[in-house]
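Asker: For reference, the chains in residue letters:
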Amino acid sequence: MHKLSNRDPLDRRLFLKTGAATAAGLALTSCADENPDRNVRDKDNGYHVVIVGAGFAGATAARELAAKGWRVIVLEARPRVGGRVFTSQFLGRQIELGGSSVHWVQPHVFAEMQRYGFGFAEVPLYDLDASYIMLGDGTVKNIAPSTFDEKYTSAFNKFCADSRSLFPKPYDPFFNETLHKLESISAEEHLLSLDLDELQIASLRAELTLYAGAPISEFSYTSFVKLFALASWDTFTFTDSEKHWHIDSGGTSALVQAILDDSRATVRLGAVVQEVTDHGDSVSIKLSDGELVTASTAIFTLPTKVYPDINFKSGLSKEKQAFIDNAEMSDGANIYMRTTNNLGNTFCFCDDPNPFNAVQTEEFSDETGTILKATLGRQSLIDLNSFDAVAAELRKIHPNAELTDVAPYNWVTDPYSKQAWPSYRVGWFSKYKDMAKPEGQLFFAGAATADGWHEYIDGAVESGIRAAREAHLRMEKSYAG
Amino acid sequence: MLARSKRLAKVSVCAVIVAFLQNACSRETDNAITSINSTSDTNTAAEISNEDRKDLPSDPHIIERGRRLFSSCGVCHSVNTSLPSSAGPHLQGVLGRTVGSVQGFPYTSVLMQQNGVWSVARLDQFIKNPREIYPGTSMAFGGIADESDRRAIIAYLASLDTD
Chain A
1 MHKLSNRDPL DRRLFLKTGA ATAAGLALTS CADENPDRNV RDKDNGYHVV
51 IVGAGFAGAT AARELAAKGW RVIVLEARPR VGGRVFTSQF LGRQIELGGS
101 SVHWVQPHVF AEMQRYGFGF AEVPLYDLDA SYIMLGDGTV KNIAPSTFDE
151 KYTSAFNKFC ADSRSLFPKP YDPFFNETLH KLESISAEEH LLSLDLDELQ
201 IASLRAELTL YAGAPISEFS YTSFVKLFAL ASWDTFTFTD SEKHWHIDSG
251 GTSALVQAIL DDSRATVRLG AVVQEVTDHG DSVSIKLSDG ELVTASTAIF
301 TLPTKVYPDI NFKSGLSKEK QAFIDNAEMS DGANIYMRTT NNLGNTFCFC
351 DDPNPFNAVQ TEEFSDETGT ILKATLGRQS LIDLNSFDAV AAELRKIHPN
401 AELTDVAPYN WVTDPYSKQA WPSYRVGWFS KYKDMAKPEG QLFFAGAATA
451 DGWHEYIDGA VESGIRAARE AHLRMEKSYA G
Chain B
1001 MLARSKRLAK VSVCAVIVAF LQNACSRETD NAITSINSTS DTNTAAEISN
1051 EDRKDLPSDP HIIERGRRLF SSCGVCHSVN TSLPSSAGPH LQGVLGRTVG
1101 SVQGFPYTSV LMQQNGVWSV ARLDQFIKNP REIYPGTSMA FGGIADESDR
1151 RAIIAYLASL DTD
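Chains as they are written, first to last, in this note's numbering: chain A, 1 to 481; chain B, 1001 to 1163.
Treat the hints loosely; a few may be bogus.
[To be verified] Only pairs whose alpha carbons sit at most 30 Å apart, straight line, appear in this in silico DSSO-like list of lysine-lysine:
no.: 1; chain 1: A; residue 1: Lys68; chain 2: A; residue 2: Lys433
no.: 2; chain 1: A; residue 1: Lys68; chain 2: A; residue 2: Lys418
no.: 3; chain 1: A; residue 1: Lys396; chain 2: B; residue 2: Lys1128
no.: 4; chain 1: A; residue 1: Lys418; chain 2: B; residue 2: Lys1128
no.: 5; chain 1: A; residue 1: Lys418; chain 2: A; residue 2: Lys433
no.: 6; chain 1: A; residue 1: Lys305; chain 2: B; residue 2: Lys1128
no.: 7; chain 1: A; residue 1: Lys433; chain 2: A; residue 2: Lys181
no.: 8; chain 1: A; residue 1: Lys286; chain 2: A; residue 2: Lys313
no.: 9; chain 1: A; residue 1: Lys433; chain 2: A; residue 2: Lys313
Honestly, the hints are just simulated from the structure, not real lab data. In this text, all values refer to a predicted model and were calculated from it rather than measured experimentally.
Let the sequences and hints guide you as you build the complete structure.
Answerer: Spelled out as structure tokens, the structure:
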């Protein structure tokens, strides 16, 4: 049986020069990346941990465990790292096609930005030239930005009015036990119980549909209010945290890459996991091409809807399986659009069942025209790959829009996400701990398992730290025993 | 110090590479696409490329429309090998290229196991519904329903080879 050797860096470069241009280039690169500068605990070259998924959760877990000297391999099905974040280019500009917004009230991702020297890139959310609300029937109301802000803020404050008492300790979301009694209340039911006018209901329902990724009659009311509590129970801070700041200098994907680079873990792209066997003292993972990867423990960081595509030979607990089958529903997508005409700095909320729930100017000038980003809670309401359908939808808001270029990313048709951001169905918020719970040698991360910002990048980072801690303690105990 | 009494689970990456290469060397054409691509599989890349190009639109307006429509594809694919291709293989010279053949790109095993060549017909079917023609492809794209849009994109890609 061949074994890895820790070649010196010069040898590795030579090896790459001569060997990488083969069909096995990526696997060879993986050899070269193997943990040369760490005080690796074990010198006999096996892996201690296999991490499935190279998004924020997986990258963070890899970094944490490698820093403690464990030998780590990360398996990623996609041809890129990042998971449900994806920084790309659109007409020469950096764009975020998945999770995008970050903020200093999101402690885990902010710490990672600080650690690797990333700053904030501002999106022109404020000082709007025009703002619009599209009602459920497609009627568009042009509302003065000051009125828009006043109405929306008032509605949002009413919706989240009980946040401080419900979530006095947001990272311990069920600290207030009365929360369990509210599990069956949907966002729709709560919204309609408030004294709001037509425009307030339409704008707030648009916002909630974005988070739900579904009709909000299915969306857990309290799970959304927890996010508000995490933003210091403050509407301005919440909006600022969700729509105003991106990561500069390469964006979210560059930050994930920086974390992975720091881990020095072996990263395998295009590695599709098919089958998982927990042997009690080790875990075997079979890939779609028949390869077998074995390690002492495994951490899974998959989007919840992807778990059914993997055969867990020993099964998963019935509680976890129930969460996988029922808890999440996000049908979301993003699309960037460019118009030749300068539409100015605009924002529009579109009530369900209009497909573009929020349409926000990202850039505007007479020279460029306008770069707009639309976020969809329910991508199945439109064919995002039909240019004409997208143009028609945009012209409902901006009748004179001259659309020339589009760049959508549909997270639901991505076979390795099958959903957008995590969102909890009514009745399932309290069950997220079932998804997070270790089973045998298997550990579970991913934003859906976070105590805090579960629909956000921050939740993914938080979950990666937690799962890495759990796996570390398990292995420490195991190797000491 | 950690005790070494327990067996450490192992994987040898070098052994994995051997298995990987063996697998790549014994490629088999996926039965699901054999019938629809049999012509493409037997012709040379040059024959397919030349034969197909004759039937593609050459109207500059259609090619320009294809260029704009390609912005959807461009978030993952570069059309220039000198530029980064962020989540897909570059598409410079894709017509006539063997499927799953860009060196260094981490294809899933489904595309790695193909022997066919990207003809116009095969590209059209792939862009129409990627997972119908290649179940298990990692391309995160649902497909373009409009035939004229697909033709425009392919015409644009073909036009790059003659620029």
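Asker: If a hint holds in the structure, say so; if it does not, say that too.
Answerer: Results of checking the hints against the structure:
{"no.": "1", "hint": "Lys68(A) - Lys433(A)", "in the structure": "26 Å, holds"}
{"no.": "2", "hint": "Lys68(A) - Lys418(A)", "in the structure": "33 Å, violated"}
{"no.": "3", "hint": "Lys396(A) - Lys1128(B)", "in the structure": "27 Å, holds"}
{"no.": "4", "hint": "Lys418(A) - Lys1128(B)", "in the structure": "19 Å, holds"}
{"no.": "5", "hint": "Lys418(A) - Lys433(A)", "in the structure": "21 Å, holds"}
{"no.": "6", "hint": "Lys305(A) - Lys1128(B)", "in the structure": "24 Å, holds"}
{"no.": "7", "hint": "Lys433(A) - Lys181(A)", "in the structure": "17 Å, holds"}
{"no.": "8", "hint": "Lys286(A) - Lys313(A)", "in the structure": "11 Å, holds"}
{"no.": "9", "hint": "Lys433(A) - Lys313(A)", "in the structure": "22 Å, holds"}
Checked against the numbered hints listed earlier, the structure breaks hint 2 alone; every other hint is satisfied.
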